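Q: Knowing the structure of chain A, use the given hints to seat chain B on it.
Next come the chains, spelled out residue by residue.
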Amino acid sequence: EAQVTQNPRYLITVTGKKLTVTCSQNMNHEYMSWYRQDPGLGLRQIYYSMNVEVTDKGDVPEGYKVSRKEKRNFPLILESPSPNQTSLYFCASSYWGRTTDTQYFGPGTRLTVL
Amino acid sequence: SQQGEEDPQALSIQEGENATMNCSYKTSINNLQWYRQNSGRGLVHLILIRSNEREKHSGRLRVTLDTSKKSSSLLITASRAADTASYFCATEYNAGGTSYGKLTFGQGTILTVHP
Chain A
2 EAQVTQNPRY LITVTGKKLT VTCSQNMNHE YMSWYRQDPG LGLRQIYYSM
52 NVEVTDKGDV PEGYKVSRKE KRNFPLILES PSPNQTSLYF CASSYWGRTT
102 DTQYFGPGTR LTVL
Chain B
1121 SQQGEEDPQA LSIQEGENAT MNCSYKTSIN NLQWYRQNSG RGLVHLILIR
1171 SNEREKHSGR LRVTLDTSKK SSSLLITASR AADTASYFCA TEYNAGGTSY
1221 GKLTFGQGTI LTVHP
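Quick mapping for you: the protein sequence lines, in order, are chains A and B.
Under the working numbering, think of the first position of the first sequence as 2, with each following residue one higher.
Under the working numbering, think of the first position of the second sequence as 1121, with each following residue one higher.
Isolated chain A, as found in the complex:
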């Protein structure tokens, strides 16, 4: 089944404790992206990647890192999480990243930073 998977689905952590949220897609998509969703703010793009080893900042990249060493995986790294990073995170992928391409979303990761 074609899908985007994220792990973990739920995570509660404390300020400053490094964490990684994994994202994997099995559709051989070139493009992958991370969003965060907050009440009243909608979805905001954190980082995106057009291909392996190619990443770029979205609208809210501060406090986040990403890497794209393999086409199928695009982990989101929070080196020193803070409470303002408490949010619902989505990974998405599409074939080429053109804005005419349909983006396929993962199920989301709900992160709470205490």
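Heads up, some of the hints might be wrong.
Said to hold, decoys possible - Quick partial rundown of chain B residues pointing at chain A, CB under 10 Å, derived from the structure:
| # | residue |
| --- | --- |
| 1 | Glu1126 |
| 2 | Tyr1155 |
| 3 | Gly1160 |
| 4 | Phe1208 |
| 5 | Gly1226 |
These are computed hints drawn from the structure, not numbers from a lab.
Predicted, not measured: the structure shown is a model, and the values here were computed from it.
Yeah, the Cβ is synthetic: ideal placement off N, Cα and C, and Gly gets one too.
A: Positioned in the frame of chain A, the structure of chain B alone reads:
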């Protein structure tokens, strides 16, 4: 940054009624997409309309685009309880040619369809 803004923020209707949601944006676009999100879950693509199109249909969905007003509407006809979800428009800048990567989502309209 550019952002689509949906209107209304919340909409409550009875099954069988039509639901109309609107999206306004600020600068010229190449295309506009609509997505649906069931509570707390990932977004699902519904339909894409290009800037040179005025109307598009997909099943019970009808999308219109008015580039002069910088707005789009999503109409769901004969709504069902299963249509209850949040609906988002997504836009991108027209920077000349095909744009890559940066889709900007609005805040969404929460639709509740009562059985």
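Q: For each hint, tell me whether it holds in the structure or not.
A: Now the hints, each set against the structure:
no., hint, verdict
1, Glu1126, "holds (9 Å)"
2, Tyr1155, "holds (8 Å)"
3, Gly1160, "holds (7 Å)"
4, Phe1208, "holds (7 Å)"
5, Gly1226, "holds (6 Å)"
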